[in-house]
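Q: Okay, here's what each chain looks like letter by letter:
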Amino acid sequence: MAAKDALGRRGEAIAARHLEARGLRIVDRNWRCGQGEIDLVARDGAETVFVEVKTRSGVGFGHPLESITVAKLARLRRLAAAWCEAHAGSHDRIRIDAIAVIAPRSGQVTVEHLERVF
Amino acid sequence: MPIGRTYAISLLGLQGAVVEIEADISSNLPAFVLIGLPDAALGEAKDRVRSAATNSGCALPPRKITVNLSPAALPKHGSVFDLGIALSALAAAGSVRAESIDRVLHLGELGLDGRLRPVNGILPAVLAASRGGFDTVMVPTGNADEASLVPGVRIIPVASLRDAAIWHGGDFEPEPVEPILHSVRDAPADDPGDLADVIGNAETVEAMLVAAAGGHHVFLLGPPGAGKTMLAARLPGLLPSLDAEAALEVSSIRSLAGLPVGGSLPTRPPFESPHHTATAAALVGGGSGLIRPGAAARASHGVLFLDEAPEFNPSVLDTLRQPLESGVISIHRANGVAHFPGSFQLVLAANPCPCGQYGARDSECTCPPSARRRYIGRLSGPLLDRIDIQFRVHRVTSAQLRVSHEQPRVSTSEARGRVVAARAAAAERLQATPWRLNSQVPGSWLRAPGVRLAHTVTAALDRALERGGITMRGYDRVLRVAWTLADLQGVTAPTAAQIGQALYLRRAIST
Numbered sequence: 001m002a003a004k005d006a007l008g009r010r011g012e013a014i015a016a017r018h019l020e021a022r023g024l025r026i027v028d029r030n031w032r033c034g035q036g037e038i039d040l041v042a043r044d045g046a047e048t049v050f051v052e053v054k055t056r057s058g059v060g061f062g063h064p065l066e067s068i069t070v071a072k073l074a075r076l077r078r079l080a081a082a083w084c085e086a087h088a089g090s091h092d093r094i095r096i097d098a099i100a101v102i103a104p105r106s107g108q109v110t111v112e113h114l115e116r117v118f
Numbered sequence: 119m120p121i122g123r124t125y126a127i128s129l130l131g132l133q134g135a136v137v138e139i140e141a142d143i144s145s146n147l148p149a150f151v152l153i154g155l156p157d158a159a160l161g162e163a164k165d166r167v168r169s170a171a172t173n174s175g176c177a178l179p180p181r182k183i184t185v186n187l188s189p190a191a192l193p194k195h196g197s198v199f200d201l202g203i204a205l206s207a208l209a210a211a212g213s214v215r216a217e218s219i220d221r222v223l224h225l226g227e228l229g230l231d232g233r234l235r236p237v238n239g240i241l242p243a244v245l246a247a248s249r250g251g252f253d254t255v256m257v258p259t260g261n262a263d264e265a266s267l268v269p270g271v272r273i274i275p276v277a278s279l280r281d282a283a284i285w286h287g288g289d290f291e292p293e294p295v296e297p298i299l300h301s302v303r304d305a306p307a308d309d310p311g312d313l314a315d316v317i318g319n320a321e322t323v324e325a326m327l328v329a330a331a332g333g334h335h336v337f338l339l340g341p342p343g344a345g346k347t348m349l350a351a352r353l354p355g356l357l358p359s360l361d362a363e364a365a366l367e368v369s370s371i372r373s374l375a376g377l378p379v380g381g382s383l384p385t386r387p388p389f390e391s392p393h394h395t396a397t398a399a400a401l402v403g404g405g406s407g408l409i410r411p412g413a414a415a416r417a418s419h420g421v422l423f424l425d426e427a428p429e430f431n432p433s434v435l436d437t438l439r440q441p442l443e444s445g446v447i448s449i450h451r452a453n454g455v456a457h458f459p460g461s462f463q464l465v466l467a468a469n470p471c472p473c474g475q476y477g478a479r480d481s482e483c484t485c486p487p488s489a490r491r492r493y494i495g496r497l498s499g500p501l502l503d504r505i506d507i508q509f510r511v512h513r514v515t516s517a518q519l520r521v522s523h524e525q526p527r528v529s530t531s532e533a534r535g536r537v538v539a540a541r542a543a544a545a546e547r548l549q550a551t552p553w554r555l556n557s558q559v560p561g562s563w564l565r566a567p568g569v570r571l572a573h574t575v576t577a578a579l580d581r582a583l584e585r586g587g588i589t590m591r592g593y594d595r596v597l598r599v600a601w602t603l604a605d606l607q608g609v610t611a612p613t614a615a616q617i618g619q620a621l622y623l624r625r626a627i628s629t
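These protein sequence lines are chains A and B, in that order. The letter at position 3 of the first sequence is residue 3 when you use my numbering, and the numbering goes up by one with no holes. Heads up, my numbering is the position in the second sequence plus 118, with the first residue counted as 1.
Errors might be hidden in some of the hints.
[Claimed, not checked] Residues of chain A placed beyond 10 Å of chain B at every Cβ, according to the derived structure:
no.	residue
1	14
2	46
3	92
[Stated by the list, open to error] Below 25 Å or equal to it, Euclidean Cα-Cα: the simulated PhoX-like pairs (lysine-lysine) are:
no.	chain 1	residue 1	chain 2	residue 2
4	A	4	A	72
5	A	72	B	182
6	B	164	B	182
7	A	72	B	164
Keep in mind the hints are simulated off the structure, nothing from the lab. Yeah, the Cβ is synthetic: ideal placement off N, Cα and C, and Gly gets one too.
Bound conformation, chain A alone (with noise of 0.2 Å):
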C-alpha cells in the first residue's frame, strides 16, 4: 500500500472515531459504485450524512479542506443519490459532511468537521 492510501486509511479511521464520538452511527466505509466512492455513510438521527474525508499530513501544501472542489461535492451528492438507491430504507433527510484530519507522523492530530457543505 502507498504512503498516501495509508494515510488515508489513518485519516479515516480517524474520522469515523470522531463521528461516533459525536453520537453518529457508521453504516458504511468506502461504499464504490461506477462513479465512485464515499468514504464514509453515518446516520445521524433521522439523517443519513454522507461524509468526505480529507487527511494530510501537514498544510504545507494548502488546507485539507481547500482540495474540496465544487466538482468533487457535485459527484458526492449523485454518489449519495446512488447509495441511497442501492440501499433499503427511508433516506428522506440526507446531508453532505467534510472532515479535515491533519495526522502528522509524530504530534497532535487535528480534525476539523464543517457541516452541510452542500
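Dock chain B against chain A, hints included.
A: Just chain B now, kept in the frame of chain A:
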C-alpha cells in the same frame, strides 16, 4: 464568530463616498466571496488578500469568507479596498480587535507579500473621510506624505498588513519590512522662464498682464516664431500664488491622475499644454469604469494652453464650453456623474492661416482666402465668444532686437506684483457681489445703473456697436477688460483711454 466591520472610500471624481466593509466567516468549505458591485481590479482583491494574509503570517481561516461592500448599489473601483477587506476578515476570524478597526478608515492596496502599495487618489479620499466624520485613517507608508496634507485627520502609515494587524491589537511579532514607495518620482520642475526674456513684444506682454489681472481667457494669433508659446508659458508666473483651498484641490486632482503629490501643497498655479491630437476624454476627462480627470481639470486654478488651436478636433475644443461657462467639469457615464473643478484660464494660440505667414511682414502668405477662413473657422464662434482678449502677436524685428537691451523689460516678479495689486482692487470693488475677478462679472451688472460708464467714456465702443464691428456680447467683454485695465493702472473707473485699449485687445480676427 463576530462580523468584522471597517470603512473605506469610493471616489467618483473628487467626491468620495464612505463604503462600509463587512466580513463574515461561515462554517463551510474554504471560499472567498466578494459582493457589492466590485470592478475587475477590486474582484481580484480576494486573491491578493488571501495571499497577503498568509505571507504576512496572519493567515485567514480555511472557511468561507463573505465580504460585503455597502452601499451595495454603488459601483466600486480599484484596489484601494484591499487593506479594509483584509482587516475586516482578520477581525471576523478574531485575529485583530473588531472594535478597533471599526473606528478607523483603511485605504491601501496589498502586495502578495503582505506589504502595502501606495494608491492614486489618496488625498481626495482622506478629504472625503474627514468630511465623513473620520478622524483616523490608515494609509500605506508610500502615501503618508500626501495623506498628511489634510488638516485635522490622524494618519497612521503602515508598511505591511502585519503592522496594520499589530496596530489593531493582533498578537503578532513585529517584522520590519522595506516599505513600498511611489514608483513615480517627482519630475524636475521645468523652469518656465522669466517674462523679461520676452523681447520686443511689449504690448503683448501688457496684454498677458491684463489677462492675468482680470482672469480673462486669451487668444493669441500670430505667425510661427512670434513667441506665442513663450508668452503663454509665462502666464502662470504672473498669477498670484494659490490659496490653501485651491492648492488642496490642485493636489487632489494630481493625486487622482496618478501624478506625484509630495509632502507639501503646491503654491504656484498649474500649467497644462495638451497636444493637439488630444481626445475629448484626454482634455476634459472620461473613462468607462473609473472616471479620470483630463488636462482641463489638471489645469484648474492655473492655465490651460492649447497651442495650434485650429489643429484640435473642433468637437474636442467645444467640450471646453461647459467648463468655461460654469467653472465645473461634469462627466456623465452610465454609472454616475463625476464633477471636477474646471476654473482654468484658457490660452489659445493659432497661426493666422495654414502656411502661417498671413499678416507677417517680409513674408508672403500662399493660402487662398477660403483656406484662411476655413482654418480659423475651425474655432467655433461660441468658443471664441467666451474669450475676452483676442490679440495679434508679431514677429520680432531686427531693430527691436537691437534696442532690446536698452529698453526696460518687465520681470515676472514685478508683473506679478502689479497683478496682485490689480486683483486686490477688483476684489475690493466687487466686495458686495459674489464675483472676485472682472472676467466673472456678467455684462448686465456692468451696464446697470450705478456701475454704468458715462456715454462720453464709452463713445468709441458705442460707435463700434453701431457700425456692427462688435456684437452685444463683445461689447460686454470690452467693458470687462476695460475695468481690468483700470484696476491695473490704478484708476477708480475706466476712462475713454481704457475703453480704447480694451477695444484694441479684441481685434485679432477682424481681418
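Q: Is residue 164 of chain B close enough to residue 182 of chain B, meaning Cα to Cα at most 25 Å?
A: 12 Å, holds
Q: Are residue 72 of chain A and residue 182 of chain B close enough, with their CA atoms no more than 25 Å apart?
A: Holds, because 17 Å separates the two Cα atoms, which is no more than 25 Å.
Q: Does the alpha-carbon distance linking residue 4 of chain A and residue 72 of chain A stay inside the 25 Å limit?
A: Measuring from Cα to Cα gives roughly 19 Å; hence the hint holds.
Q: Please confirm whether residue 46 of chain A is truly not at the interface, meaning its C-beta sits more than 10 Å away from all C-beta atoms of chain B.
A: 22 Å, holds
Q: For the pair supplied as a hint, residue 72 of chain A and residue 164 of chain B, is the alpha-carbon distance within the 25 Å limit?
A: Holds, because 22 Å separates the two Cα atoms, which is no more than 25 Å.
Q: Is the nearest CB of chain B more than 10 Å from the CB of residue 14 of chain A?
A: 18 Å, holds
Q: Can we trust that residue 92 of chain A is non-interface, i.e. its beta-carbon lies farther than 10 Å from all of chain B?
A: At about 24 Å from chain B, residue 92 of chain A clears the 10 Å cut-off, so the statement holds.
Of the hints listed earlier, there is not a single one the structure fails to meet.
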